[in-house]
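K.L.:
These protein sequences, in sequence, are chains V and D.
Here the numbering used here is used: the first residue of the first sequence is 7, the next is one more, and so on.
Here the numbering used here is used: the first residue of the second sequence is 57, the next is one more, and so on.
Treat each hint with caution, since some may be false.
[Said to hold, decoys possible] Below, computed lysine to aspartate or glutamate pairings styled on DMTMM-like, alpha-carbon distance capped at 20 Å:
1) D/Lys255 to V/Asp101
2) D/Lys479 to V/Asp84
3) D/Lys307 to D/Asp370
4) D/Lys541 to D/Asp146
5) D/Lys457 to D/Glu414
6) V/Lys69 to V/Asp84
I should point out that these hints are in silico values taken from the structure, not numbers from a laboratory.
None of the values given here were measured: they were computed from a predicted structure.
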Amino acid sequence: MSFLYVTKKLLSAFLTLVAIVIFNFFLFRVVDRDPLAKYRGRSKLSIAQRELMIERLGLNGSKWQQFITYIKSTAQLDFGRSFDSTRPVLREIGDRLPATLLLVGISTILTILIGVYIGARAGWQRGSRFDRVSTSATMVLYATPEFFFGMLLLAFIAGRTGWFPAGGLRDVGADTSGFASILDRAHHLVLPSLTLTLGYLGSYSLIMRTSMLETLGEDYLTTARAKGLRDRDVMMRHAVPNALLPSVSFIAISFGFVIGGAITTETVFSYPGLGLATADAIRNTDLPMLQALFLVASAAVIIFNLLADLTYGLLDPRIGRAK
Amino acid sequence: MNKNLFKILVALVVGFAALAVSTSTSVSAEGELSFTVGVTQDIDSLNVTVGYLVIDYEIWNLTLPSVTSKAASDFSILPYMAESWTGSDDGLTWTYKLRSDLKWSDGEPMTADDVVYTITRSVEEGWWNHTPVTGNLTATATDAQTLVVTSSVPDPKLPILDVYIVPKHIYEKISAEELPNYLADDNVSGGPFQIVERKEGEFIRLVQNPNWFGKEPAIEQLIFRTFETAEAQYNALKAGDLDAIDDVPGKIFTSLAAGDEPNILGVAGNQGSFSELAMNTSCPTGIGDGHVALKDPNVRRAINWAIDRQLLVDKVLNGFGKPSVSISPSANPAFDYQIAADQTYSYDPAKANLLLDEAGWKDTNGDGVRDKDGVELKLRYFDRSVGDAAATTPFITGFLKDVGIATDVKTFDEDSLASLQAKSQFDLYTWGWSPFADPDTMLSYFTTSAVPTDPEVGGYNDGNWCNAEYDALYAKQNVELDPAKRADMIQQMHQIFANDGPYAVLYKYDNLQAFRSDRWQNFVRQPAEIGPIMFTQTSSAYLDLEPISGDASSGGDTNTVVIVVIAIAVIGGVLTLVRSRRKKSADDRA
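Using the sequences and the hints, build the whole thing.
P.N.:
As structure tokens, this is what we get:
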């Protein structure tokens, strides 16, 4: 991988991020939202109180001054205060991030493992019963919105059987510490992560199947067979690694979306992660929160895209040398 | 990826799931006697000078004391901090004798000084949850247990003194400028419970206050868990994760009422909560930009005649409520507008059309929308993104369209809508109220002095309505000590409000709540027989609830089940692994 290739990719990622930071400022100022709406018509704010709050929200001064303040504070990861809770946005996001990383991270890994397996096998055994059944099933999964799975699981598994909790992150108030606490979290994760896994599975499986089909006619597979390798080895050692290549960028981008959370799934299960924070911020028109969530989600996608590009360069030396 | 990997994965998932299943029972077996309530509303603020949501009041009722309390049955006065009280002959001065054993949860003494501090500061700084009661009061403490409260005018609310008393030793450290930002996270309590943990958007956990001086609750730990959807919350109740829920969807409640779930008790309680369509009447002393048509009482009356309230109750509330044409100023239905149904607004679009015609609003260009002097009768219609607005709006806009009134609907979050109301920049908007026990506060919202005159400050009079006759009656009832005379004045105010007022009140709705009746008993309603159990004026039901013996926290057998489930999962996982390894070895040998 050439130095020029890496530099170009880094620069491009940096510039995209800068563009998003700038766009972010103007995007959320288009919305006409009274930052002190929470206090109107209730506790009468004195002029001093009002000025203090406006200053804390970074909304004093002209638009240009606000922009400079915004750039400076964003560079220091200070995203201001939530209109709704009045707590610092970074703290709000920090509180919610681990829950989302856990949920979406586990679901993504499960989806990749299962999806790649199903897709690879279906592609390899094209036309077989496994291929027909799995392709139909994954098409259905792909076409169904994930919150629908969530609602089914909620009603039929949580509500009817009581095997898994209907929502939340933990068993509140129970005496949990150490391993019990981990198990408690795991218990609450089952249904939301199953929902997300079902929701994501279709796309991974279908992409892997298509890549696999593309590699089927390649000469190196014929050569491998000619060398007398077993069918399974031809698939695992020669076909799958090559078919995985196009999936790398898709997987990397998917990890980028991990940070963005799973808005509908977290909402259905009242799972307090970034997805639910986003839904709440939209409902409350909490612009500082939305601004920061948008930025964090975009930055995650950019960073993972960059990683995908760099990994691709490593995996396929032709790309790193090109241009 | 190979078959073995897949099997390992399956084994892990099965093991993980089995372990997870086992967790809930073992964990809950170790807990204290908890009562967990599911709510769909997150706390707005624990700061008593800022918060305004029903859930906020529930927490304050449980953690902040008041000088006197109210009976669950009929809101009559009960001792709280004060154990006795005497009034002066003119009824203006009341002397309260406080209990001598009062302490805040942090061990600091709770004295008459705390009360004096609360009353004085609330008046000085205009604390919005306090001034309806304290606005006309001054207080002094002659000693730690003797409180003297003087009203500047005869006050029919006294001797009931039910405002939240804040701990002076905490609040005196917070300046007036800082107070709106104060998160009230010191967790100092003077009520039966104290907050020990809170995760925003997730839960708030309270335990018994060790220094509580009243009736000892059976509940040791009280948890309010926030759910995003009422359906998720209901499923959690069915699964046994919750003991009670508020805000049960009407359709689910119908099946509960039919006895479909034998272990769940549904309670439809009414404490005066109502929803309305507010109209901007553009009071001359106010601000804003209300539509000119709404200044005419006949147009407002026409809107009242155009609405089919019974249909709304049937379709939006699934029958759990009743049509209403005036506000409910009190949780006590005795203060409601006592008028026969055939003598007030009913669904009569023909009458609405006639009134609009007479007011000069006619459809001159045949586009289906009335107009007058070149101005179309097209009204900005704002609703909020929570509550029943999404369900009522299509009906109401349809009713209005039927009589030639066009609407431009926009939906806002509650804070933004309240902000527009503070500026009186709307024509129509939907909102709802839950009144206090004394009617004075709700009645005060419609006086001219409550009309917003400064957008930065706002005002409660959300119809931007002023009526001198109403104001005069309000002032009279506010100082009338004879309950019968006062009730009569309030009926006259209803008549003015319904005939001329800024609201098309839609209905009174029931609070739909559900409880695990297989675990708990002694559900006390407030007010008696008709009211809800939770989210009431004093939230006293938590002190009355008793566990059904033998059910709570019995975890002995579940541990055995847990061990068996874990053992099966682990053995299953190991067997799967061993089998796949053997198969692999056999493949390799082949």
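K.L.:
Each hint needs a verdict: does it hold in this structure or not?
P.N.:
Going through the hints against the structure:
1. D/Lys255 to V/Asp101: Holds, at about 9 Å.
2. D/Lys479 to V/Asp84: Given that 20 Å is the threshold and the Cα spacing comes to 32 Å, the pair is violated.
3. D/Lys307 to D/Asp370: holds, 11 Å
4. D/Lys541 to D/Asp146: At roughly 18 Å apart (the allowed maximum being 20 Å), D/Asp146 and D/Lys541 satisfy the hint.
5. D/Lys457 to D/Glu414: holds, 18 Å
6. V/Lys69 to V/Asp84: Holds - the C-alpha atoms of V/Asp84 and V/Lys69 are around 18 Å apart, at most 20 Å.
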